[in-house]
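Quick mapping for you: the protein sequence lines, in order, are chains A and B.
So for the first sequence, numbering that gives the first Met the number 0 puts the first residue at 0; every next one is plus one.
So for the second sequence, numbering that gives the first Met the number 0 puts the first residue at 0; every next one is plus one.
Simulated from the structure, these hints should not be mistaken for laboratory data.
Be a bit skeptical, because a hint or two may be false.
[As the list claims (entries may be wrong)] For lysine-lysine, the following DSS-like pairs were computed, each having C-alpha atoms within a straight-line distance of at most 30 Å:
(1) A:186 x B:149
(2) B:134 x A:149
(3) A:149 x B:149
Number of protein chains: 2
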Amino acid sequence: MRIAVDAMGGDQAPTEIVLGVASAIEAGYVRPDDVILVGAKDKVAPLLEGNPVLRDIPLEHASQVVEMCDSPTGSLRTKPDSSIQVAVRLVQKEQAGAFVSAGNTGAVVACAASMLGRLPGVRRPGIAVTFPSLKGPVTILDVGANVHCKPHHLYQYGVMADIFSRDVLGIESPRVALLNIGAEEGKGNPLVRETRELFEQSDLNFVGNIEGNHLLSGECQVVVCEGFVGNVVLKVVEGVGAFVQQTLTNQVLSQPNPELAQSFRKITSKMDYAEYGGAPLLGVNGMVMIMHGRSDRRATANAMRASKQFLDAQVNQHIQRAIHANETDAAQLGDPHG
Amino acid sequence: MRIAVDAMGGDQAPTEIVLGVASAIEAGYVRPDDVILVGAKDKVAPLLEGNPVLRDIPLEHASQVVEMCDSPTGSLRTKPDSSIQVAVRLVQKEQAGAFVSAGNTGAVVACAASMLGRLPGVRRPGIAVTFPSLKGPVTILDVGANVHCKPHHLYQYGVMADIFSRDVLGIESPRVALLNIGAEEGKGNPLVRETRELFEQSDLNFVGNIEGNHLLSGECQVVVCEGFVGNVVLKVVEGVGAFVQQTLTNQVLSQPNPELAQSFRKITSKMDYAEYGGAPLLGVNGMVMIMHGRSDRRATANAMRASKQFLDAQVNQHIQRAIHANETDAAQLGDPHG
């Protein structure tokens, strides 16, 4: 099954996206016949011509582009021939097994959710972002697909991210935690208190609440939260990184120190979640990988690698099985239809 | 009016708290007769004896201490003679004008809210933390007093932080923003969408939504959010700082670079919200300043300075007036009793 790549999505599209595909092929992450590009022929075809790595990759034409400022649901209706919608249609018709995009995240989520639907038993899809922590990767979800979470949605996020963490990141028994504003039981709002009960009755390796300051300390490998909180967290991490970088850069400029500049580049690359390649939209009936809008060729290549791993490891089949197994118990845990 | 200082609260109490009071006096932030210490006589008195700066400061005995692990509301009942409760009682009886504590935050909030009550018209108190941004201080609230926010609570947080920002931080017309997961109108959950409407109809210098990545960029001086989100943000900022520090330190150790180490100390001190001294609990009928649990003498001295400024500037009187002025309009804005 091919990976459909949205060549038009993101600040640096189409050039960096297309060159990222070339990098992924050169690095052996994917083969040329694992890929199908989607985008405007007049913009993308010239980038493929004459490139020995790319010239045989099929290109599916899409005459429209969803801009970052377009309304996600509105664009579903107004731009039926967008690169996002054309690519998702390839997955829907099983002409592709996965879809990768650095375009308008809301539009990707809305399009995938409405056209592909959810895996059987899944209540809400969630976006999972993987950060590097002090002790290996930590996966946080949801970071923005669902801002009306119920306890059972959060519970299923834990189930899905556990599978992703095992299958794609190779973590044997991920420690699953609930993002909260205190470590003790009984802390937080009703949503997290009820979710905690569901986790405690599950088979997951649930380790309890985690506070924001321990997110990157590596104490656990899966952190569950609702989409509003997760999205804020994702962006605060990005913002603090930029703050430290800018503050350091100003000092470097006032007193040049190449070693310091280099040290800092290492840190920002460590903090960059593009390292783990895109954020999968877990729970949809198909593989959808969302990249940051500013993704360059390295981020694109890493997203290609992660998508291939996701497909090869049969993550969605495993999620479906885990959700089914858990649903059997869940009917007794309350909120079965939420 | 004296500032009642909880000598027993925090990881480094009583020594660092008491020495912080001495530093505040030496720096001219407060005078000796601005202060009253509260705590166990046998622990605190020896620190005062023989110290020329501290020896004349009155000490109010409190036989109990609320531990960090104690239940906030439970401790109200079980520890009536705690340093927190004794100090709040001094404010209640107008024997002190302000209360400063690095102890159990939940207990301080619960005790202050139940014993002092709210300023007339205020629906919910909120904790306001001030961070340094790339362009001066930014005040974020609520960071954890209220995890069941209604739009009108958030709206009042904006009104109160605006006053605090003007009176204590000296910002002429603070730009007020709402923390959200997108900059556009219509983004986010119902809470923030409804709050936005209230702000848009207000006299505040409301600049719209702000995303987490712009929190420390200095675009605005007041950021409003509900307590759960604010507390997560506060701790994520702390955690990312620690992550960067630890990653850098490991590199410094493998390849010693004193200049790098020093640069980094400057940055962490910039990111440290202790710089602005404690976080006021805005909206209670009395001045309550909450310090981080790990506060040292520098943080304590800064909290003393901020408390004195808060009292001298008559922040609570101004909040009361602003809330009253806004309530007159608010009755027409819906949710008047929420």
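Violated hints - listed by number, lowest first: 2
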